[in-house]
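Protein chains in written order, with this note's numbering: chain A, 17 to 151; chain B, 195 to 768.
Source of the hints: derived by calculation from the structure; they are not laboratory data. Quick reminder that beta carbons are idealized off the backbone N, C-alpha and C, glycines included. Errors might be hidden in some of the hints.
Claimed, not checked - A few chain B residues facing chain A, derived, Cβ under 8 Å:
1) G221
2) K270
3) P697
4) P701
5) T735
6) Y738
Claimed, not checked - A few chain A positions that, by computed beta-carbon distances, are all more than 10 Å from chain B:
7) D38
8) G60
9) Q89
10) M101
11) D102
12) E109
13) L118
14) L120
15) K130
16) T134
17) R137
18) R143
19) L145
20) V150
Each chain is listed here by its residues.
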Amino acid sequence: MEPFSPRIIAFCCDKSGYVAADMAGKLGMSLPESLDVIRVPCAGRIDSFHLLKALENGADGVLIFACHEENCQSLTGNLMVKARMDYVYEIMEKIGLERERLELCNVATNNGAKFAETVRRKCEDLRRLGPNPVK
Amino acid sequence: MRSSDDCRIAVFVDRCGGALSHLLDEGMITYIRGLPQVVSCEQHEDLSSPQGREELAGRLTEGGADRAVIVGGSPKAYEVSFRRLGLATGLNPYMVLVANVREGVAWVIRDDERAREKAKAIITKKISEAGLLSPILRKQVEVSKEAVVIGGGVVGIRAALALADAHIGVTLLTRARNIGGKAIQLAHFYDRPDDVSPWFMEQVERVTEHPKINVKTSVQLRGFEGYLGDYRVTIQAPPGKREVVRGSAVLLASGHDVVPNTGGIFDHRCFVSPPRMEAMLRDAGKSLVNEKGKPIKTVTFILDLVNETIKIDSANAVKNALLLRGNHDCTVYVVCRDVKVSLDGMEKLYRKARELGVVFVKYDDPPRFSLVNGQVNVEVKEVSTRVMGDEYTLSILSDLVVMSEKFIPSRDNEMLAALLGIPLPQEGYLMDDNPQFTQVRANRRGVFLAGGCRHPETLEEALMEAEAAASGVTQLLSRGIYEYDLAVAEIDPAKCATCLTCPRVCPHSAIVVEKYAPKSIYITAGYGEDFTWRAARVLPTQCYGCGICVSSCPTKAITLKHLTDAEISLHLGI
Numbered sequence: 017m018e019p020f021s022p023r024i025i026a027f028c029c030d031k032s033g034y035v036a037a038d039m040a041g042k043l044g045m046s047l048p049e050s051l052d053v054i055r056v057p058c059a060g061r062i063d064s065f066h067l068l069k070a071l072e073n074g075a076d077g078v079l080i081f082a083c084h085e086e087n088c089q090s091l092t093g094n095l096m097v098k099a100r101m102d103y104v105y106e107i108m109e110k111i112g113l114e115r116e117r118l119e120l121c122n123v124a125t126n127n128g129a130k131f132a133e134t135v136r137r138k139c140e141d142l143r144r145l146g147p148n149p150v151k
Numbered sequence: 195m196r197s198s199d200d201c202r203i204a205v206f207v208d209r210c211g212g213a214l215s216h217l218l219d220e221g222m223i224t225y226i227r228g229l230p231q232v233v234s235c236e237q238h239e240d241l242s243s244p245q246g247r248e249e250l251a252g253r254l255t256e257g258g259a260d261r262a263v264i265v266g267g268s269p270k271a272y273e274v275s276f277r278r279l280g281l282a283t284g285l286n287p288y289m290v291l292v293a294n295v296r297e298g299v300a301w302v303i304r305d306d307e308r309a310r311e312k313a314k315a316i317i318t319k320k321i322s323e324a325g326l327l328s329p330i331l332r333k334q335v336e337v338s339k340e341a342v343v344i345g346g347g348v349v350g351i352r353a354a355l356a357l358a359d360a361h362i363g364v365t366l367l368t369r370a371r372n373i374g375g376k377a378i379q380l381a382h383f384y385d386r387p388d389d390v391s392p393w394f395m396e397q398v399e400r401v402t403e404h405p406k407i408n409v410k411t412s413v414q415l416r417g418f419e420g421y422l423g424d425y426r427v428t429i430q431a432p433p434g435k436r437e438v439v440r441g442s443a444v445l446l447a448s449g450h451d452v453v454p455n456t457g458g459i460f461d462h463r464c465f466v467s468p469p470r471m472e473a474m475l476r477d478a479g480k481s482l483v484n485e486k487g488k489p490i491k492t493v494t495f496i497l498d499l500v501n502e503t504i505k506i507d508s509a510n511a512v513k514n515a516l517l518l519r520g521n522h523d524c525t526v527y528v529v530c531r532d533v534k535v536s537l538d539g540m541e542k543l544y545r546k547a548r549e550l551g552v553v554f555v556k557y558d559d560p561p562r563f564s565l566v567n568g569q570v571n572v573e574v575k576e577v578s579t580r581v582m583g584d585e586y587t588l589s590i591l592s593d594l595v596v597m598s599e600k601f602i603p604s605r606d607n608e609m610l611a612a613l614l615g616i617p618l619p620q621e622g623y624l625m626d627d628n629p630q631f632t633q634v635r636a637n638r639r640g641v642f643l644a645g646g647c648r649h650p651e652t653l654e655e656a657l658m659e660a661e662a663a664a665s666g667v668t669q670l671l672s673r674g675i676y677e678y679d680l681a682v683a684e685i686d687p688a689k690c691a692t693c694l695t696c697p698r699v700c701p702h703s704a705i706v707v708e709k710y711a712p713k714s715i716y717i718t719a720g721y722g723e724d725f726t727w728r729a730a731r732v733l734p735t736q737c738y739g740c741g742i743c744v745s746s747c748p749t750k751a752i753t754l755k756h757l758t759d760a761e762i763s764l765h766l767g768i
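Excised from the complex, chain B in its bound form (with noise of 0.2 Å):
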């Protein structure tokens, strides 16, 4: 692959501050100035500082040059910025390149001559890649200021309300009856003393009388596709007909499911789950009494037989301990493998908790559970005394003993990542395109997770999710356009023989199959001129450029436009 012959070059020497001027002496800059295509070559002290930059922008295009090299430091520091440079004076940001010889060379290469060898061949090499370059537009797409939240549960009301606030229709989808979802269980917020009931009460009243929200219920998801802005979710009314809802994002706040843990326990009526236990809060009066009237007075919490590595069991025990021992004078006992505290001022509750008395027993073995005169005997082995020697056996008598739920994650998160294509580790709970950097995004630009359905999470961190979620949402929507290089892959649908390798491989469920190519190189006798063939398309906006489509092509279909296969070849040195 040889480059065009009039494609003129100009290039910028970067001395990075004196660190690169022994390497990048008036030799190596005759050197630069006698390769080819080479139009002009300057040298600079130190173009990542303002005013260099600001002398770069004015001088990228003298001399008639049409695209740059940048000799200097690493591209990953300096490479975005550099290329906006030129956008002014109309140079194509993709049309420069930064070789490096700062990180790659000169301060890892200890030897000044066999440095400078180096550093000619790694400039010679990006000269003739620029020659190889060719513009990348910038396009931009509109999108509509509408979004649809799957979900209505707590999270996807919050996120309903976030978007909805923030001018931005609003179509909430539910398969449930009536919107609420489990939250409702809930007596009291662990952060704030106030009651939920009366907040979320509020809250759902909101959802239905906003202008901006649409909601629907009891309606089952039936397709899903499209792409940032323009999502077709089909759902259906079972018996009723399909119907498309149309949106420029989707925000799933699907949620987890609850099952009653029964491992060991038996039936008894001094068992009671979480929410039960919430309930007997918010109805007591002064004094908290069983279904038998009979006052109740040791409350024993057993935490982490199941959710081991879920903090809602320890957040609600230790709220719901406060509230026993505070107001009801009982006797509490939380008996836990691990007090989770990793939540918003949950260290400061569990220490006031052990400041009015509430009893923290920890245990390795399961604690075994036996019946004495109409109360719960619970034997659990303290192991945090271990360290003195002995072990010491507890009996605590209880009138009332809760036992956690287990979350699990929902049935319908199969269907939803088959649907969505996005991926469902073991685990069953949908996954963020990155844990650490794009915590509730997606895979797919533009579709949003929250809540339940990555993690079953307390409440108030189920919110905070949700208005993470639905600002992202508002960011990619509020401009009503979004803009994005075409630095993507790009199929030629000539030689597409639409074998599906690349709509299963991307990673970012941004390839779809499409009737539109003309003809294919694998077309059939015996069929008509204007037989159309299927042949797969890259979804611009969707693309991430990652390229590992293009290399999983059978027939090399794809290009991928910012690192053609030209370029690698060169620097293999073909």
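Looking at chain A on its own, in the form it has when it is part of the complex (with noise of 0.2 Å):
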């Protein structure tokens, strides 16, 4: 049987982790073809429900990627997405979904590398987690 692909959802923002996507992909990296992206103009575009909806609609993991803190092109960005995630992380917990499923991850433009590790470490996590229990 082949192994379990989860579905990761990335919300990248356009300012930095769009540029590290695409960086990743110039550099040849290997990344699961079960990975969504989706371009936002800034992390702080990201609302919870989006959040919660990307879980419900059967994404076993959602990443979002934001520019370091402090390094926001929209100053505080990074810093709401964080806020909101925290609220996401209690419902996830009411509902019992693990918090794993959601994380944020800081990159710069120039951190390809880290995107697709990132990625794949994720992936990696969520095969052991199994699939979403909401699907």
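With the hints as a guide, bring the two chains together.
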């Protein structure tokens, strides 16, 4: 049987995460094909309901790639999403979803390798956790 | 959310010079042609080449297509140029999408079959996303060639002159009774052999006489509002009435403060501050004498007890050490933790000082001072010799000890930050929008920062900064119009509850609360039909389109024009 390939949704900040994702591509890093990249203008654009909806609609894991703290081009975008994630964690705990399914990763534009590494590590973690029970 | 049925999508497949040939083969083209709403699917070897783009420009709207999807490389590289292509044929730039199957698929997924499946999924999603697009207009506002410069120090003066020379009218506001500021304390430039004062006097004279510059002295800032093209600064000359000064852009050059360093030093005529040293050098004839007429033979500069991250002291100490050594034949010691030479030409100056015999002494523990026969004995543990085993304690018997003053953020910074909506980090200096990319710009479009309000800097650097900020203002105002895309957030006044969340979270101070909405869903019974409810409004010229307010709004009254919730939901598979 083929190993379970977890579906990962990655929200990528246009200013850092998406460029890093591009760089991972340019470097030819291998990424799981079950990765969906969503480009957002700033991590602050991501609402808590986007995160919850992503999990509800069958994503096994959600990753957010934002700028490093105090390095956000919109000053507070990455902090806003961090605060919203805390709220989402609370809800996830209540409904019995593992905390590992949602993660924020601060990257810079030249962190292509880190991007690929994070996605692959997440993929491994989720494989261990098993599919999203909401599905 | 389903897309409207009458949209017609043209798809262009870019093989990126053969890099995607294995992925975007005939089978894929047939698959794309079969998708709903697709009217045409063309393929091209290299769309990002000049010829490719030319060809694409002519064919974007072929077959009556009103939107286009380009399948190929990363949107980061080509999106902007692809978007602009359609303009000539009447296709709105924001009706063009780029599906990334190169960086996102071809180069990261090894297995060809899986890559093809993934590419199909991405293309399908992008095509249905294209159905949700709506055109975004390009707008322009008139900006008058008027600017307000706040601060009458050397930076404000330099910036005002640079602006006035670019035919921009300037109102120069200063709290002080006269323009001038602290620069007059300097005797000489470090990077050229000139005296500062004649140059400075000429600058002040030019500002007061320039027909384009209106100087207002002894005024206090009372209010600040507006946006690019129409900033309104309320000022008051304390006993007088309030007055509103208008300008299209604002340049803040309010400077920093200086306090004497008193830590561990006793009051003695041998201790002088750097400005006093400069004055002594300016007034000195052939020989340098102290107040009692005794000649000064040994001078010690003590650096880095305060201001460890600021390079002004280093520059001034090396500059003055050279003068003392060269013109007055003094023995000069510079006692410091580090000599900061990261200034233009500073390394050369430092070298020259060493060659002339200026002694640089490095310390870790602060030096100790004692009085010996009317001279100051500076005891310092020299650390640069530590590598040889022993540590030497030097006793420097000095006629004059120059103690640096402490540079602190201006006490006005807090007020300015609150009034102008500029972030104020813990250190107390006003912050640029982005320290790497937009250095002299504040977070509000049309507001610029220069000089000591950002960080204390040497005269030469501050002048450069003033010119940079002035050229930023000139760039915005010189055409008389400012053009921008309406790719911004927009608030539906009918849904706005005036909770003031969005003006609070907006990093660019682009949201104001206005009394204009005819009604609100939260309207309370008892008010008449003509009651006007206050609602928030995004100032489109100020908005950077980050979308923070959109996801913060509790009533979901805000939409981001270039990335609506519907588009994100589509990707999430809702």
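Verification of the supplied hints:
Interface hint status for G221/B: violated, as the beta-carbon distance to the closest one in chain A is roughly 18 Å, over 8 Å. Here the hint on K270/B is kept, as its CB sits about 6 Å from the closest CB of chain A, short of 8 Å. Taking 8 Å as the C-beta cut-off, the interface hint given for P697/B is violated, the closest approach to chain A being about 13 Å. Here the hint on P701/B is kept, as its CB sits about 4 Å from the closest CB of chain A, short of 8 Å.
Because the beta carbon of T735/B sits about 17 Å from the nearest beta carbon in chain A, more than 8 Å, this interface hint is broken. With its C-beta approaching chain A no nearer than about 7 Å, Y738/B sits inside the 8 Å limit, and its interface hint holds. A cut-off of 10 Å between C-beta atoms contradicts the statement that D38/A is not in contact with chain B; the least separation is 5 Å. The Cβ of G60/A does not lie farther than 10 Å from every Cβ of chain B; its closest approach is about 4 Å, which violates its non-interface assignment.
For Q89/A, the requirement that its beta carbon stay farther than 10 Å from each beta carbon of chain B is not met, with the minimum near 6 Å. Here M101/A stays apart from chain B, with its beta-carbon at least about 12 Å from theirs, past the 10 Å limit. Look at D102/A: its CB is around 15 Å from the nearest CB on chain B, clear of 10 Å, so calling it non-interface holds up. The beta carbon of E109/A sits about 21 Å from the closest Cβ of chain B, which is more than 10 Å, so the claim that it is off the interface holds.
The claim that L118/A lies off the interface holds: its Cβ sits roughly 14 Å from the closest Cβ of chain B, which is beyond the 10 Å cut-off. With a least CB separation of 15 Å from chain B, L120/A remains clear of the 10 Å interface cut-off, as annotated. Against chain B, the non-interface label of K130/A holds: every CB pair exceeds 10 Å, the least being about 15 Å. Non-interface call for T134/A relative to chain B: holds, since the shortest CB-CB distance, roughly 14 Å, exceeds 10 Å.
With 10 Å as the threshold on Cβ separation, the claim that R137/A sits away from chain B holds: the shortest Cβ distance comes to roughly 16 Å. With a least CB separation of 17 Å from chain B, R143/A remains clear of the 10 Å interface cut-off, as annotated. Remark: the non-interface label on L145/A is consistent with the geometry, its nearest Cβ contact in chain B lying 20 Å away (cut-off 10 Å). Every CB of chain B is more than 10 Å from the CB of V150/A (nearest about 13 Å), matching its label as outside the interface.
Checked against the numbered hints given earlier, the structure breaks hints 1, 3, 5, 7, 8, 9 and satisfies all the rest.
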